[in-house]
Structures are given as C-alpha cells and as structure tokens.
Amino acid sequence: MPSSSGDSIFRVAVLSVVKHDYVPLGLATHPRFDPVVVADDAAQPEWVHERNQKLADQLNIPYVRDVEAAIRDYDVQVACVSPEAERHADLSVRAADAGLHVVQDKPMSTLVSECDRIVEAVERNGVKFLMWNRDMLPAMLLARRELQSGAIGDVRAVHVDFYFAKDAGPRRGEGPPGAPKIDWLEALKAAHVDGSDGGVGHAPMGELQIEGIYPLSHIQVLTGVKVRRVFARATAHFHQRNVDHGIDDLASVTLELENGIVGTLCIGRIGRAKHDNDGEIKVRILGTTGAMVINEPRPEVRVFYRGRTASDSPGRRAGGDADWLLMENFAQAIDTNSDTILNARVGRDIAATVQAAIDSGRTGHPVEVT
Amino acid sequence: MTRLALVGRGPDDEAYARIAPRAAGSTIAAVTDGAQAGSDSVASAPTLGDLLESHADAIDAVIVQTPTDERASHIETAATAGKHVLVKGPMGRSAGEARDLAEACAGVDVVFMAGQIDRYRPDVAAVRASMDAGQMGQPGLLRSHRWQPPPTGGPTTWRLDPGRSGGIFIHELTREIDVAAWLFDGPPETVFAVARGQDSDQPDAAVVHLGFPNGGMAVLDVTTALPRGEGYWSLGIIGADGAIYADDQHNMQLLYAGGSPAARLTSTGDATVLSQLQAFVAAVDNGADASDSIAAGVLALEVAEAAMASAASGRAAARTEDGYALV
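Chains A and B, in that order, are what the protein sequence lines are.
Residue 370, in the numbering used here, is where the first sequence stops; the numbers in between run on with no holes.
Residue 1327, in the numbering used here, is where the second sequence stops; the numbers in between run on with no holes.
Since the hints were derived computationally from the structure, they do not count as laboratory data.
C-beta: ideal position from N, C-alpha, C; glycine also.
Hints may contain errors.
[Unchecked claim] If you anchor each label on the Cβ, the simulated ranges turn out as follows:
1) A/S8 / B/Q1253: 44 to 54 Å
2) B/Q1138 / A/R145: 33 to 43 Å
3) B/V1108 / A/T363: 42 to 52 Å
Using the sequences plus the hints, can you model the full thing?
The following block contains the structure:
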C-alpha cells in the first residue's frame, strides 16, 4: 500500500482513555499522528482521571481536565475517542463540531440514536471518522486480496466465528444464593487489569454490543453491502454478571444482506478455559467459484515455557502492520477527501444490525435492520 | 456372522466390501443394482424384491442406499421380510413418510437403524465422548459447515433431482440437524433458515439456525456448490465448561511444488463407515432396540421440513405437539 500523499503531521487530542489504550497507542504508530494532549471533562469521576493521567504520563504529554480548552489550546486536528461506551457519541460529536477528524474506539455507541448523532455531526462538519477495527490484520488483507483477484468469484456468504477466550468474573450460578446483582461498572473497572474491560461504563452491554462491530465489519468490508434482516439467538451462558443484567455472553446471528448474500455470526466471551489462545476467530467465505477459510489472528508464533499460566496465551501475533495501516487509511481519507475503511455511516449501520440482533434474540422473530 | 445385502449404489460401496469383515466378521453377501461391492461370490439381482425372492436365506440384513424417493418402500420390504435394515441418509422425503414407515415396521422384530452417518465420524465421536465425559458442561452453541461439490452424475444422478432427493434440506441438512439434536440431547424448539440457489431456483446453499432449550443454539451451514474436488467440513461446540473445535483447516498438510503451496487433508480413511457398520452389526447381534434411531430420523426430517418452510416464508418456526409451525 502506498504511503499517504501528505506529509503534514496531525496533532491528536486523546479524548478520554478509560478502557483500552490500544487505540491511542495504535494511532501513534503512524508518524503522521502525534498525540499532544489527553483531555476529559472535569466532572468525570476520579478513576477516569487516573486512567487518563496514566496515558498522559506514558506518552509524556499533558492531561487537561477540559475538553474544549484542550482542543482550543493545543492546535489539534484529530480526536482519538475512547471513553466509556455511553460517552463515545458525546465526545465524538463535540470533536466533530470543533472541526476535528475522529478516530473512535468500539462500540460506536450503546444507542443507535447516538450513532445517528455522530453521522450527522461528521457529515455536517465535513470531517473524517474511523471506527477502530480489525480489517487491516494480515489475514483479512489476504482474504480481500484473494477476493479482489477473483480467486473464488463473487461473495455468496460470509460466516464469522468471533470467540474471546476471556473470563468475566464469577461463572454463572457461582456465588452464594441471594447474592446481590454484580455491579457492572465496578466489575468492568476491575477487569481493566487484563484488558477485558471493553464494556466498561454505566450501561451493561452484552458481547454483541461490545465486540459485534469487529466481525460485522469483516462481513461489511468483504461484501460491501448492507445487512437487511437478521435472526438471532442470544443467552447468558457463562458469566453471572451477564445473567444479572440480562445480557448475552453467547450469541448467534443469521444475516440476510443485499444482493442475496448470506452471513452468519457466532460470538461469545467464552472463558479462558475454552481456548489455548485469545479465542477462535475465523472467517469462512463462500464465493460463486470457490471458498476460503481464514484464520483471522494469523500469522502468529506459539510460545510455551515452564511456569506459563493459563492466562498467558501462547499465541503471539507475528508481523503485520494493522495499526499503521488503519491510520494510513485514515490519513489518506483526510488527504484525498475519501472514505475511511469503516466510516460513521457504516459504523452506524453495524450498530443498527447489532440492535436488530438483540431484538431478534428477545422476540424469537427475524428483525429488519433500519 | 451377519450377511449383508447392499441395496442400491452409493459412494461407500467399495468401502463396505473392504471393511465388512472387520465389523464382527460380517460380509457382503448380496447386492442389487450393480453395486461395486459385488464379486463373483456375491449374490446379485436387479432389485431388492428379486434378491429376497432368490436369496432370502443368504441375507441377514440390508443396507439401503437407494434414492430417497424409493427408500421407504425398500425399507418396508426388507423389514417385513424379517431383514435388519440400515438406511443411509434420511428415511424418506418427508417426516410423514418416515412416521408411516416407523409405524409399519414397529411390529416387526428386526433392528432398524436410520443412518445418522455423521455421528460415526471419528471427530464427531470425539466430540460426543468429551461431552459424555462431562468436559463440556451444558452445550451452548454448535456451529458446523459442510461444503462440497454438486452430486456427480452416473448412478447417483437422482441426487441432482430435488423431486427425488428432497433437495438440500432433506438430502443434506438432515445430517447436520441429526448431529445437533443428538449433541443437545433433544429437539430444537425454534427453527429459522435461509437458502440460496446460484444457477437455478433450487438452493445449493442453506443455513439452518436452531434454538434449543436453556438458550442453546446451532448454526448449520451446508452448500453443494464448491468446484469439483474435495470438500470442507468443520464443527465447533461451545459449552459452559469447555469447547471443541473440529476443523479440516487444522488437519491440512502442505505440499510444495512451486507457486503457492497446496493443502492436502489428512484422511481418516474408512473410519466413519466402519464405525457405523460395527454399531449396526453389534445391534443386530445383540437384538438391540433401535427405536431411538428411528425417532431421531423422524425428528431430523421434521426439522428439515420446518427449515424449508422457514426459508420459503422468511419466518421462524416453533416446536408444537405435532411437529413445527411457523410463528
């Protein structure tokens, strides 16, 4: 892939970083993106400030407890948004309204209506928006390259398995009878230590909401068309906190897309014991003249050693430039006024697909995606 | 010694001849329709009726692998003649036909096993053994794929005719449905399906999405549209306590001969057919009650019909006292 045409450096404000730091750190792998400030609203609780301060210290940049002041005072052109999911839309809209291009962590929002607000703000302000995604992983690049070469003809179906082999507190049914409902926010704050806090926030979210955008963006990027209708089953099969809050940790979705394409998705936070790696993640593509089976995390090396604990996955990513490629895609979109690989409108459509799947799982009926 | 007659031609003809002696010393004693298992020492006749008329005393059991639309009559003929029956594939083209058949054979003292060939795959058997050992806990999600080329012509041309084979839901997906119901230990409570055809109105790719009690679910994907060559198969199951991933991708060997390497699947040989035949012969030897097998065969057809109705209507189906109804 050629380098982006411009040589300008984009100064980046990291707007909250309460969960993963992989988005701002991934962004910083590209030399044209320079994080210069971390910022958040002063009214945020202290644990949020602590995490923001930690990243600021790590990057050796200031932490400002005033988002608008940071945008104004640090001459930034890009916002990197990674707060609790329910604050995603608020910060992204404020950044877009300030004329900043936006890179945002998943999920896009906990509400489709909030995604609509992001789409409106991004398009009204003429800025670029990139939802963080896994579509630049080497295996996915290979899949797209083979598709583009016509190796299997046109896509007829895409089937994605997306299992994360991570634990999430007490197992279902574990704990004393009559135990109080697990506090979602506190449980997810505690999960920060091993990076399994993608759903941190006040609003409990199931796996479809937290991680669904990754496999659904695979389907979107491979097919290039919208999902029209879904049928889903979803359950809290493993973790007591999901049972307590009536949200899924295991789900399956059948998708009917435009052009007669079919998709399926199996997704879950299945627990550490269920895989010797981070989880089984596969993409199976049926074409008009052939098919592909893609192991999404490859290439990897497998590392075993005396004293290795079950939580230390033997699989280590080997090679690939996924973060740099995402940011290169973002830079090119800015330079050439083109679309990013996962823009706001597509991100919104994926959020609507997730919501339709949740509704289908609750009703037992197929649901139109609107 | 169980003396077997092969009725109709199937892809495993030669395998049966090869492995029959390993299944408790059984043997292929007779064939119809020019099955490849035939040899000079094997009785042969054009039809099952002819075979039973001329060689009834030389046959203990019949393996029925005739076209789906002929199966019911062959099964009934064999069973009422007092021959044990192993039927390859679905018992008939509809659940109603299968129920009638089960009723007709109910009073006959023979072992009647309804195929369920995929249960005997060594990988599926390992899945079941692990579940039986309690390693998986309550099953949550089963996902399977079976991609293969279209049926070949010649004596198996009937497979290309949905009117005779029952089409992709009956002829193909009953296999996956049976495995799903077997691993979940009961019938699905909901059924949803989509199907697509590439070159005609007849679907050559279908997904069946099943819901089981206690939140269980299965996504079964089958296509008969791969280019000529080997197919692909995988099955994964996620349980409360464990998970199993069986996948042809894991079992590929690489061949380097210039350009991109080719993948070669490590074969399991005759293991599937042998295992099924051993189970059948053992049931014959023991006089086992195979009514569970018949019930499972009927259930697979009921679910396949519900899936067909779902794909045609775009609606889900739910289990009722009488089978399944669209909701």
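Non-conforming hints, listed in increasing numerical order: Result: no hint breaks.
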